[in-house]
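Peer 1: Residue-level listing of the chains:
Number of protein chains: 2
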Amino acid sequence: MTLAGGVGAARLLAGLVQVVDPSSVTAVVNTGDDMVLHGLHISPDVDTVTYTLGGVSNLDTGWGVAGETWHVMAALENLGGEAWFRLGDRDLATHLYRTQRLSQGATLSEVTAELARARGVGVRLLPMSDDPVRTRLTLAETAGDLPAGSDVAFQDYFVRLGHGVAVRAVSFTGADAARPAPGVLEALAAAEQIVICPSNPIVSIGPLLAIPGIGAALAARRDDVVAVSPIVAGAALKGPADRLLVELGHEASVAGVARCYAGVAGTLVIDEADAGLAGAVEAEGLRAIVAPTVMSTPERAAALGRLVLDARR
Amino acid sequence: MTLAGGVGAARLLAGLVQVVDPSSVTAVVNTGDDMVLHGLHISPDVDTVTYTLGGVSNLDTGWGVAGETWHVMAALENLGGEAWFRLGDRDLATHLYRTQRLSQGATLSEVTAELARARGVGVRLLPMSDDPVRTRLTLAETAGDLPAGSDVAFQDYFVRLGHGVAVRAVSFTGADAARPAPGVLEALAAAEQIVICPSNPIVSIGPLLAIPGIGAALAARRDDVVAVSPIVAGAALKGPADRLLVELGHEASVAGVARCYAGVAGTLVIDEADAGLAGAVEAEGLRAIVAPTVMSTPERAAALGRLVLDARR
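Read top to bottom, the protein sequences are chains A and B. All you need for our numbering is the position in the first sequence, starting with 1, plus 162. All you need for our numbering is the position in the second sequence, starting with 1, plus 162.
The hints are simulated quantities; they were obtained by calculation from the structure and are not laboratory data. Keep in mind that a hint or two might mislead.
To be verified - Covered stretches of chain A (chain B as the covering partner; in silico rule of three or more C-beta atoms under 8 Å from a C-beta of chain B):
| id | region |
| --- | --- |
| 1 | 191–202 |
| 2 | 227–234 |
| 3 | 237–244 |
| 4 | 274–280 |
Said to hold, decoys possible - Not everything, but these chain B residues come out facing chain A in the computed CB check (under 8 Å):
| id | residue |
| --- | --- |
| 5 | M197 |
| 6 | L199 |
| 7 | G229 |
| 8 | G242 |
| 9 | L254 |
| 10 | S265 |
| 11 | T269 |
| 12 | A280 |
| 13 | V321 |
Stated by the list, open to error - Partial chain A-side listing against chain B, Cβ under 7 Å, derived:
| id | residue |
| --- | --- |
| 14 | D251 |
| 15 | A255 |
| 16 | Y259 |
| 17 | Q262 |
| 18 | Q266 |
Quick reminder that beta carbons are idealized off the backbone N, C-alpha and C, glycines included.
Using the sequences and the hints, build the whole thing.
Peer 2: As structure tokens, then:
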């Protein structure tokens, strides 16, 4: 089974399903980025994984649906509405569906399964929790009319502010009271192997680890947990993981990632570019496996999938 | 000022603005049909009036936006979502805007004014109330899996059931506690003249009259209130007004309409086709004015607008 954020996780999962039966794979997906906008419940990471595994993701942007149209957003802009979070027409249908089902009393788990099935996704997708957990960031500096110290929702930081502002703290509102979604702890206990996908350790995997029970379940299976570093040669392939690590007192390197995961993972897969840091990873108590980790093609993703399956200590 | 439902009201208002300064016209619009679907707050009558006065209404269907596209709805159907209430892409932008603004604490009055301004509507549009009032119908017979006696929301009756089922009662949930929207009572008190548009007396104008204060304010101005019959030659031009009148114990004729409005209107404009019933209208205590009322062209709508302006007793 896998712990997943957005784009990096989706790519690794797309690699995994090329080398194993998709139905044997469970992905527990971050919902700390979820938001309600225009009254619609949006689950960005769940959608990225679903669209990618459903073969409809927009590979150019890394989010949304391929061949998307923008009629609603264009009309909303004409009305003077909030259009900073770009929602394509087909993407909107997902959010309408989810919101309507939730309003009828369905759980996020149920809706996630329904949307995955509708898109022909064979992997079992679980949100990390059916309870609301919201990743929030405390700004370390002024951003527009937001003074330093402002507490902003993840998408405000990531999209509206273009993750171009320094942060000094991250919190996961609601995590203390959240229960893992049905099946999450069972899957963690029963899995032959557990993979932490190459997602942001702080804001993508961090929310999962903040939910009572999930971190402990991982720690109990530490030898079977293989993480893939999202940091390659000191930089994030996508997003602000490198800067966030530094801003929050970590090191933007595979050694910094190893320190984040030292309690829950026995192995860290690092890129060939970071071969020289294998010793630093081992110094954190994790075995280092050096391999090509940049999933620039489906073949490379499949090769990485095969590698993590064989990587268990 | 005018009391308005959907299509018939929108047409008369479009006629009025041809003959008077739009800014001198206030329309208090029914919101009893409002609903939340897919998490979105939809105000069908307000939208019909706004789209019509904004020059973007779909004249073929009588609802929605001209030249509409349906990408979201098609994708929603592919997902197995609820698609019985057809929401075009441009129409959806209206609902996203409204829902987002309401979630930010704006009132329905404020949002209605913003959307009207964005569409270049010169008439002052007021929802009947900023408080939720919901028109509900009690079915007199079985409809699909709904047994007789079921209590359904207006759009379930009107759209989902295609208003093809008999009803035995109408109620306006929340009306008792609802306050007229800001400006409504002031406009009723100050207006030179008050026009009840050719809308369904029971489910379009009925909700307005059910709000404490509005009926009394009309009754106090009864001599200045001119209603236009939505029933022509015993039939509704659009919708189920004729059947509803009969099912609820009224007469599907201009005399039946006169009886509905006897307490609040001094004058009823009836179509030439109903000239023979002028006496029956007068017997209900209303003056009858006979005129062409079918607004099949903008010219006819303007002529009817001119006529109602001159019609005050």
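Peer 1: When the hints from earlier in the document are held up against this structure, which numbers fail?
Peer 2: 5, 7, 11, 13, 18
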